[in-house]
Amino acid sequence: MDFSLLRNIISRYCVGEEIWVDSRTVYIGHKEPPPGAEAYIPQRYPDNRIVSSKYTFWNFIPKNLFEQFRRIANFYFLVIFLVQLIIDTPTSPVTSGLPLFFVITVTAIKQVGDIVVVKEDETFPCDLILLSSSRPDGTCFVTTTSLDGESSHKTYYAIPDTMAFRTEQEVDSLHATIECEQPQPDLYKFVGRINIYKDKEEPVARPLGAENLLLRGATLKNTQHIHAVAVYTGMETKMALNYQSKSQKRSAVEKSMNAFLIVYLCILISKAVINTVLKYAWQWSPDRDEPWYNHRTEHERQRHVVIRAFTDFLAFMVLFNYIIPVSMYVTVEMQKFLGSYFISWDEEMFDEELGEGAQVNTSDLNEELGQVEYVFTDKTGTLTENNMEFIECCVDGNVYIPHAICNGQILSAASSIDMIDASPGGYRREYEDLFFRALCLCHTVQVKEEETVDGIKRGIHQGRPTSFYISSSPDEVALVEGMKRLGYTYLRLKDNYMEILNKDDEIERFELLHVLNFDSVRRRMSVIVKSSSGDYLLFCKGADSSIFPRVVSGKVEQVKARVEQNAVEGLRTLCVAYRRLSESEYQEACHHLMEAKLALQDREQRLAQAYDIIERDFVLLGATAVEDRLQEKAADTIESLHKAGMKVWVLTGDKMETAAATCYASKLFRRTTQILELTKKRTEEQSLHDVLFELNRTVLRQRSISGLSVDCLDFGLIIDGATLSAVLKPNQEGAGHGNYREIFLEICRNCSAVLCCRMAPLQKAQIVKLIKASKEHPITLAIGDGANDVSMILEAHVGIGIMGKEGRQAARNSDYAIPKFKHLKKMLLVHGHYYYIRIAELVQYFFYKNVCFIFPQFLYQFFCGFSQQPLYDTAYLTLYNISFTSLPILLYSLVEQHVSMDTLKREPSLYRDIAKNSLLRWPVFLYWTCLGVFDAVVFFFGAYFLFDNTTFTSNGQLMTTNTQMMFGNWTFGTLIFTVLVFTVTLKLALDTHHWTWINHFVIWGSLLFYVIFSLLWGGIIWPFLNYQRMYYVFMQMLSSGPAWLSIILLITVSLLPDVIKKVLCRAMCPTATERAQDHQKLLPGSVADVTPLSFCRSCKGTSADSSHLHLGTAESLSLCRSDPLPQKLLAHLAEGGGTDLCPLSPYMLRLSGAGFAYYAPGPETSV
Amino acid sequence: MMASSYNAKEEDGHHSGASSGTGVSKNKKPDNTAFKQQRLPAWQPILTAGSVLPAFFVIGLIFIPIGIGLYVTSNNIKEFEIDYTGVSSDSPCYNCAKNFTWNTTEPCVCTVNFTLHQPFESNVFMYYGLSNFYQNHRRYVKSRDDRQLNGDLSALTDPSKECEPYRKSGDVSIAPCGAIANSLFNDTLVLYYVDSNNSISEIPLVKKGIAWWTDKHVKFRNPAGNSNLTLAFKDTAKPVNWAKPVYELDPSDPENNGFINEDFIVWMRTAALPTFRKLYRIIQKKSGATPTLPNGNYMLNITYNYPVLSFDGRKRMILSTISWMGGKNPFLGIAYITVGSICFFLGVVLLIIHHKYDNRNTSADIPS
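First to last, the sequence lines map onto chains A and B.
Following full-length UniProt numbering, the numbering of the first sequence begins with 1 at its first residue and continues without gaps.
Following full-length UniProt numbering, the numbering of the second sequence begins with 1 at its first residue and continues without gaps.
On the chain B side, residues computed to face chain A include the following (Cβ under 7 angstroms):
1) N32
2) L40
3) A42
4) A49
5) R138
6) R139
7) V141
8) F331
Here are the simulated lysine-lysine pairs, BS3-like style, with alpha carbons at most 27 angstroms apart:
9) B:K36 with A:K1081
10) A:K905 with B:K36
11) B:K356 with A:K1081
12) A:K271 with B:K142
It is worth saying that the hints were derived from the structure and are not from the lab.
By construction, the Cβ of each residue, glycine as well, lies at the ideal position given by its N, Cα and C atoms.
In isolation and in its complexed conformation, chain A is listed as follows (with noise of 0.2 angstroms):
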């Protein structure tokens, strides 16, 4: 017992989450395994409950100090507490606000190894394993919509040998264990096995994989009920451990932010060192240090000098330790939860297709969104719609176009091919046969005969209008109703047969073996299967790089020309391969097969092994090929993002043809872009070496010809996989030639865009990985779809997920998650533009207002004989940050817009005045602390010369006309308040751009809350204080006429400054960012009239040759008008052809001109 929990805590605690060796055993029914079998351990599992927020109300405050603690300031934190709990110290220990925390429980509290029963349309409690089914083949159908957003019904299978229970007697009688891996949260993972006693026999053994487990928040469907045993509960299902581990990045404003506080720290302990030394300096005399009307205890006298020393310093340290803003950080995480609703409640970034809008999955990186250089973006399923269309196939060297899209216009170029209509004749007939059985069998298409199901459908139009085909990849299912219109239709999947309706309406059957799952590493898939004559057929389907180098007959020639061809044309192109097994043959594959399968330790690897093994020795059949549109608005996105200043990669693992084509019809690459190609290809050519030099050269010269006109001219560059690793291979040349690594980053830098084609998805964070650890440390955004997506994006500094047809893998791995590629725009120059000058705002403002603060009592020091004497009553030091300055810099940061959301949209250019942190530099930084400085020695001064006598020697006290009463030293800390509390507010107001009426309220509202709060304060004798030294004292101030008049005039004087610096700051050079204001003020409402000169003004290298001018006019001006402008695109496509500065192969000008021509008409390029 005491041996299990501790290697269960071992494991939980002690090893990393994706290596948990252990295993648990599960016993089924609570019943123990026949005597001898095993000890019978119980294990202490968890309820069935999930906490899916941060916090809960028992280890609210231990985590949340944890949560404090890991910060730059936790410990600066913590010190100061003690302090102030340990010595006697100036100020009472404060607390700061309390942070949100709310609580979400769903309780069905079970206990593991329990058989459940679950009904038809009922979520699965816990994590289950299948052990029967209503349906007789021991199957159900699970959506896992909730989990991963594929609404495809999945279907799962039941143990084979308990498949046959029914009832609960039977079920009862069952007695076996289960062993599996310890929880982990990968949903689409799990190894385990069950042994299954019977009496008197041998226990058997069955493995259990994710198709036997049923997981919590998924919903059973079409299947009346399943008998089944739980495995995992509460906060160790699936589910639940995927709301935990989220991504640890931190932002670029939160590492600025550190960084001044650091400066914060250095200039609070050098003020305490200062007046510790100053104090002992000036109290070395005992007539200062113990006059006689104020003595010392005893107990104090008696202490040594140096303890005496220390204790100072750090009361003063306590004293002054509010200039460290620890309200800042409770402030920026609400503001940072509170604002990414925002993002979420954004109507423009919903989807009505999908049904959903943009998801934030971390608030810690907003304004990150603000920050972006690099954006780099998957191609299939983000800038492509993933909405595939069969467009023709290839059987040995002959086409075939289903009659519905032929045309004749796209093909112009491959007219030296046949185009036969699926006409017969000898060996042909055998391919052809076999080539269309070949893509109607290896699919994992599912049939769906009902019309109203939620998300993807397809009908299938001919002869049954109710049945769809679904599928996770939405190209399985173009080539299957491809097929269809071919005559070859997939009917359905029964009892593991598949059934074909083939071209003589006959009725085919295959019994299907095995499936040779999709992966994107071997990126390909394949099925075995056994036709009625009882043949061993292996179907495979992949790339054309993983087809052909398994091929070893065929018509591999005309098979890869067309391929070629076809991915020229931007099409997504599919090999097709076959292979006949002999008996001993499919034996020995399920052998493999099966001893993978069984594995509980590294079945992944066991697995590809195994399909290493059996996908050989393929007769190539042909090729298809598939359309993928480009999504709404993708050429519109990137040409934005382009404006903004970001560089825009597109990372995908298709061909370079199809890639270069769908880059050029996005926009991408333009016109007048400059190809620089680093293929393999070339490299055969020449030594990468000599490549990359050249390019580099090429680049260099460029810049320095153009030279003013450096933002108009752009380089594209295209670079391959296999090209890229080597480039990324350490030098085994030693150092005498350079890093290759420093001149490919050279390049990188010079290209405006960059085409990362073939590449594996961890080539893709690598790419992320070398630019985000590039000299410059440039921010970067990942986007992408698909699950071979995820690993840049939780590399990148941000990470996008689209909430594609391919499952929610990547959205549910992402920092958000948004609908669509052309949301991406919105999401940056708006909100992101937005939450960072918000933030920056915060942050610089929350220095200011406390230097502000802390420094008059810096002062005063020097005025009290460095008694560490507050200024401030104990009331006001508390409150000043947590209520009477901290809403209106809240709200502020939740609502200020410096610019109409249209004009940020309409001017991306804007984007490059945020950019680089520009708004948190040490420049900036400065100013705010001057400021700040200024404006504190404004409020110390000025008071102190109206409580002083000029004309005569000093006197430390005013009279005031109506009470002739003095004023003490607490009238004079709330005087300085006062002019305080206002100036800061006033401050922000002056800052503030957009008043709405909430702005208004919480400025003017706490404005009033501190006025009405002070004279509450002083207004009565508190009976639970031991002092009442505020008695009266602010009504007495503002009784005062001078007290009024010094209070209007330090406030104007405090303010004086900042407004001066920002008038004269827009007169004389106005950012792009002002101007956009000026002109928003000048045209209100008028949009669309404004769009073509403000981008003529935000064009800073207007000194380029007129046609780049003309050409950047007449670009927006097709982008703002609605109608398309073919005859100018197909211009451009011309002109594109003339520019002979390019090193571009002649092959690469054609494409570019095929990629034009054929997206033209496309709905994408026009707006």
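Assemble the complex: chain A is given as a structure, and chain B must be docked to it using the hints.
The following block gives chain B in isolation, referenced to the frame of chain A:
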């Protein structure tokens, strides 16, 4: 003050899409409210040279007259100050200062003569001023017990720890406890007018009405339950440095005795700066046309009880009239004049800039 344009963005009723969506999408669709879409109508002011410029002129035009008014008023206030510490040997109080000991039974008296060259009209306020006296030292400021001073009986016999080392005298607790009370200013100042025929007449000094009303009537209370102050304070000791106990501060007037003695209350309001003055007495305006203090010779009689030389302090006596804006303080007037002029000047500068740059900007904005 700021340029403004009301930019009220109407909510555009985009409800067409909602009907087409299924039940799920309807639920998830964000509300089309102005707040959630960040389209609340807003006033969008921008600080430009053109818009700020009038504000500067207005501030200048308001501040300068106020400043002049303040300055003139301050200058009309008459103030007279005399240092009677007795540092130099020719000063009348030199001996008193030099021979000071705490345990004298016979108080040292010295007399300072001075001349007022101008008559002081209306009410004249008499202050004592101390320099280099750190009433704002932290140890000093907190060394008091407001409960005790408020008449709390338990605090009377058991004062707050903050009063240490002036909390107990032997075993008896001190009332009022603490360093502030202990160091109560106890010089007695008497003012005489010496008229032209050398006859000396004492000027009546009013000792009430010098403290805040709320302090005297609410914050400071004698111990309750006993009208006889001697009995009320019977279990307490006098502060160490006091000559007489608290209930003998002003035996002549029970309303000004004990904790509610106004001299005591004034002293208990600790000064903000080490050099300060505190109100001592008020010389009421005489009826008729005669000035309160006519010009001529005066004699200040000081009972010298308060030592300041040990910490290099100074003692002063100040006579001052007041105006609507309080005591003499030219700083505020000068500051107002200065700030007003600067604003006016900046207004002019901005006017030039506005003309120069605004033209340039607008011409640059419009492409040929």
